[in-house]
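K.L.:
Quick note, the sequences are listed as chains A and B, same order.
To convert, count from 1 in the first sequence and add 87; that's the working numbering.
To convert, count from 1 in the second sequence and add 2; that's the working numbering.
Hints listed in this document are in silico derivations from the structure and should not be mistaken for laboratory results.
Take these hints with a grain of salt, some might be off.
Output of the computed footprint for chain B on chain A, the stretches with three or more beta carbons under 8 Å from beta carbons of chain B [what the hints assert, rightly or not]:
#, stretch
1, 135 to 143
2, 309 to 323
Straight-line C-alpha distance at most 25 Å; calculated SDA-like pairs for lysine to any residue [what the hints assert, rightly or not]:
#, chain 1, residue 1, chain 2, residue 2
3, B, K53, A, Q308
4, B, K53, A, Q701
5, B, K53, A, P300
To give an idea of the interface, some chain A residues facing chain B are shown, with a C-beta separation under 7 Å as derived from the structure [said to hold, decoys possible]:
#, residue
6, Y90
7, P365
8, V370
9, Q818
10, V819
11, I820
12, V821
None of the values given here were measured: they were computed from a predicted structure.
The C-beta atom is built at its ideal place from N, Cα and C for all residues, glycine as well.
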Amino acid sequence: MAYSFSQVFLIALGYLLFLFMVAWITDRGWLPTRLVRHPAVYVFSLGVYASAWAIYGSIGYAHQYGYNFLAYFLGISGVFMLAPILLAPILRLTTTHQLGSLADLFAFRYRSRLVGGMTALMMLIGMLPLLSLQIKAVAESIQLLTGEDDPGGLAFWFCLLITLFAILFGARHATAREKHEGLVVAIATESLIKVVALVTLTLLGLFGVFGGPGGLSEWLQQHPEALTNLYHPLQDGTWHSMILAFFVSAVVMPHMFYMAFTENLNPRALMTASWGLPLLLLVMALCIPVILWAAAAAEVVALPDYYAIAVGSLSGRHGALLAYVAGLAGASGMLIVATLALSSMTLNHLVLPARTRPLDESLYRWLLWARRLLICGILALAYLFYLTAGDRHTLTELAVLSFVATLQFVPGLIGALFWPGANRNGLFSGLVAGFVVWALALLLPMLFPSWQPTALFDLLDISRRSPAAQWHHVAMASIIVNSVVFALVSLFTRTSSAERNAADACAVDSLRRPFRWELEADTVDDFVQSLTEPLGPVTAEREVNLALRDLNLTRAETRPYALRRLRDQVETNLSGLLGPSVAHQIVDDHLPYKPQAESESSEDIQFIESRLEQYRDRLSGLAAELDSLRRFHRQTLLELPMGVISLGADGEIIGWNLAMEQLTGISAQRTIGSRLSALPPPWNALLYSFAQGDSPREPQAEFTQHGQQRILSLHKSQVQGAMPGERAGGQVIVIEEVTDLHAMEARLTHNERLASIGRLAAGVAHEIGNPVTAIACLAQNLDHEVESGEIRQAATQIVEQTRRISRIVESLVTFSHSGGTQFAVQGPVSLDDTVTEAINLLRLDPDRRGQVFANHCNPEHRVRGDNQRLLQVFVNLLANAADASPDDAPITVRSRMLEQTVEVEIEDRGHGIPPELRDTLFEPFVTSKPAGRGTGLGLALVYSIIEDHFGSIRAESPVADQRGTRFIITLPGFSEEA
Amino acid sequence: MYTDRLLIIFILGTYLLSPAIIEWWSEGGQAWYRPYLMWLLLIGLCYWIGKSRDFDGL
């Protein structure tokens, strides 16, 4: 086919450089994010599944096993069609806990370094045949194109190239935590190239060989054996075991796990992949029989594995090159991704746990170089495997060897997701048992042809000559042995509590309720200090800050709930860096919980709630109804018009409703997870002492906040365990603000007192009135009838004094009539006019002519009421003000319109109200005037009139410079509509 | 609810792979594309489910 090795090698180099450019451009952010995160990119990146075996080997497989080749494409399609059930839980787990590989997932779920290490090791061994298959496919396709003799040498150069690019693509960062957007886009591009090349080859075969679909149909009618060869192998009963093998092993393959979960840039894209990937694979699978038939019709002379190249070459050397590029794309993509995935896995589970030196500042650099060396090592091993066994076996034999090996991880994965009872002993035993069967029946016979365990071969009905041909027997036998051992050992051995907790975090349907423990670290600084020992000060600081940022927490955080979340996040982030085993060990050793019996710990209600919120969409049936009920109760509690605090048994605040937020001005977010003693003053002392006290209620808890006195009514109750015999679950505190209620009660009492004084006054006035009138008459008579000057002067004084008594009696009568009377006129009263009239009246008094009054009432402001009675109010208040003020000090009246009311202020610059009178100012007979000048009924009368008008009055004194008094009256405004 | 629908697909898919389907498939004769049609039908069903439901679970 007349291509030189250097030409073909340069094409490979150019192709990989092109892919690298795509990755580089993406990483630089030159491609729009919408495109990079588009679900189609994710779907195409999953096309990494279709390795060189899909391009070359599947045609050879179709040639030998007919339609069974479809199992390879249909198996993984089935998995993705069930993505919401099977893959979404895995994606959720890997995203939440930063698990980068299957070994990470197993080590996290089964809480065992050994399991993680063994998974990594077995995955590495199991994947070597598939990696060597890619090397073999590319090397042999180059051999076909160039006619070179030594495929081993070609493979070497190819491996070198791939090693370089694998490092360039994926090992530029120390940690697998960062998403490699460039890698994802490059692999998606690679898949696109692969599909386009394969479809082009198919069209070349279809139109070049058959002249179109009609020609193919005609050829098939003339050659019915071509169809029989496809259909016939379906009858041998291997289909079911094959579809099962491809169905389940597809997800656990490291390169698929890596692209589907670790490098997932957009979780919702999984839904698109549920139909997108099957469609992509359908297009590829549709090409296989057409290429096979085209090769048969053209009677090409080539190994069936390389019919694609042969059919391509029918259209000339460029056609062959197209097939080579398709195979190269499949092989390089798979090799790069699988090597990256395996390097992370071996680093986290084999290398890091074995490292004895403490981790320090050079950690990131060390990790980077370890990953690079591991990539070299893994590709070197794959190359060695190719040299040892690759040459003697077909692409299909190498592929099935890996597929059966990866199949062994499936019971463990199902256990992790769906069976909380599964434990590490079971997984370990099952894996070993399954791998032993695989190694004895498949791996060793393929590596060493002399290895012939006849008893095992006979038992599994395997041909001694070609064990790989009956691989489905080995697949079924190994998976059955694995599953049975896994289940039995899990059932009959003890599961540790750490493993049970991890099982709950992983299980799709967990019934266990998590418990709350208290950390020894009390502050974020304690975290940094504790982690400094294993990680060094710089890394510890960086990791704690990263976790704080992830959780949106501040450095000042001290809430136990928040610190527990911080601990989990630190572990999750470290897991992304060092793998879950090492991360768990570090966090367990250096951020321990306080020793506490489980019976003393409380259920982590916050955690349960957040988990329920997270999994809300997954609830159906009864669970969904229960969740609705929970939401209803939660909302009821949240919106209860009284403050409710719910406390855990350990005193941690687990509930803080909206009324509490309004009452205290402290948000639930700040309080949930903390303790009452950590609240800001005055709430901490008030609530803490009440929660600790014996009394279940405190009807009048007084405290001062922002200079204002507030009164609360507190009630508390112990919350009993939900189930009989269960321990107490804490307490609930109900709080109601009664400041306004107390003020109203005081007002009512005052009114009542006024009313009784009024009644008394009426009686006294009546009883005194008559004798005083008689005395006055007698004194006047005396004045007229006697001549004596002294007696007449005495009589005049008696008359004078009786007038004074009459004035007092008149005041008493007025006061006694003021309460409770309904005034006839409810009309509008202009405040401006009324105040002006009051001022004019006062000016009639010669003593007050010099007094300065300033009426600033708005003429528009009108109130509902009785003009004469309101005039009485203003006369009283202005007279009082005038009495208290010097003549040159102005007395100001202002009005202000509020929403429904009008506020009037009467302000003087007088001597103010003496402190001892302030509280009893509106009581009858209270006055600051000298005896004889005031009855002390004026303000009591004003108060009564204002109350009758449904208004209110209050006094402020002093106003400024320790002088002055301000009376503020609020009256209902008048509006035409009302 | 959507879980039930997926289970229906799962059952349908399993049915596709069941011996009766295999028999129908292998008796296809010239209609060699039969499995692809079934496959396409399943893809259409998955597309419809994915479209009809906003997948908030992820």
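K.L.:
All the hints need checking, so say for each whether the structure fits it.
P.N.:
Against the structure, the hints come out as follows:
1. 135 to 143: With 0 residues in contact (Cβ-Cβ under 8 Å with chain B), the coverage given for the stretch 135 to 143 of chain A is violated.
2. 309 to 323: The restraint on the stretch 309 to 323 of chain A holds, since 6 of its residues have a Cβ under 8 Å from chain B and three suffice.
3. B:K53 - A:Q308: Distance ~41 Å between B:K53 and A:Q308 Cα, so the pair is violated.
4. B:K53 - A:Q701: holds, 22 Å
5. B:K53 - A:P300: violated, 33 Å
6. Y90: violated, 34 Å
7. P365: holds, 5 Å
8. V370: Violated, because the Cβ-Cβ distance from A:V370 to chain B comes to roughly 10 Å (cut-off 7 Å).
9. Q818: Hint on A:Q818: violated, closest Cβ of chain B at ~36 Å, above 7 Å.
10. V819: With a closest approach of 33 Å, the A:V819 hint is violated.
11. I820: violated, 35 Å
12. V821: violated, 35 Å
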